[in-house]
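Given the coordinates of chain H, assemble chain W onto it according to the supplied hints.
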Amino acid sequence: DTEVTQTPKHLVMGMTNKKSLKCEQHMGHRAMYWYKQKAKKPPELMFVYSYEKLSINESVPSRFSPECPNSSLLNLHLHALQPEDSALYLCASSQAPGAGKSSYEQYFGPGTRLTVT
Amino acid sequence: GIQVEQSPPDLILQEGANSTLRCNFSDSVNNLQWFHQNPWGQLINLFYIPSGTKQNGRLSATTVATERYSLLYISSSQTTDSGVYFCAVETNTNAGKSTFGDGTTLTVKP
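Top line first, the protein sequences correspond to chains H and W.
Residue numbers for the first sequence follow this note's numbering, so the first one is 9 and each next one is one higher.
Residue numbers for the second sequence follow this note's numbering, so the first one is 11 and each next one is one higher.
Excised from the complex, chain H in its bound form (with noise of 0.2 Å):
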């Protein structure tokens, strides 16, 4: 099974909600990431957790807390966002760097088309 699975598949929400965007895997990957995606743009990082511990947070602002709740699970919880915010979320999981590699094959979940109103 090489499925990633995200909910809510669209979300809108407004500036003064709390919401939170879940991720699950299956696969037994020690590694999850968080992206977000604007309209015509690359993905760009923002979190990496690595045995379910953040790993990489790319100075992303405080409005988005991840979470790993163990090794299938990871979360995005939003509180206050801003119509800016508003985007493709993506979740992906790999392999965890160690056993003579630094790196794998990540995979994809569907996204979260989100709209902060």
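Treat the hints with care, as some may be off.
As a list, the in silico EDC-like pairs of lysine to aspartate or glutamate whose alpha-carbon atoms are at most 20 Å apart [claimed, not checked]:
1. W/K119 to W/D91
2. W/K107 to H/E75
3. H/K48 to H/E92
4. W/K107 to H/E113
For each label pair, taking beta carbons as the anchor points, the in silico distance ranges come out as [what the hints assert, rightly or not]:
5. H/A47 to W/N55: 16 to 26 Å
6. H/S70 to W/N28: 43 to 53 Å
7. W/T63 to H/S28: 39 to 49 Å
8. H/A88 to W/G62: 45 to 55 Å
9. H/G36 to W/G62: 20 to 30 Å
10. H/L62 to W/G11: 15 to 25 Å
11. H/T125 to W/N48: 18 to 28 Å
12. H/A47 to W/E15: 43 to 53 Å
Honestly, the hints are just simulated from the structure, not real lab data.
We put the beta carbon where it would ideally sit given N, CA and C, even for glycine.
Chain W alone, transformed into the frame defined by chain H:
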């Protein structure tokens, strides 16, 4: 950080034509992937190819790591091949940190 340049930015083909997409990168890489993003936003893995040549049906890819480029070949293109093609790379010093090129938007006309 590493620079990734893809060319051409846009490509329009008639169904059945062949095409070559290019990805240049500015530093040594230990990971290079090609993706196809469909109109619904799903990024589909095409190749994991930090070096060498691979083929999968009508698609093939070659990475020449020493010269810092990768090529994606699409033969006998179909309308379903339309979408954006991205290459993404990682360096030894930034494992886990993928940098994407700006993509090539391919339109295949019937």
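Which numbered hints fail: Of the numbered hints, just 12 does not hold.
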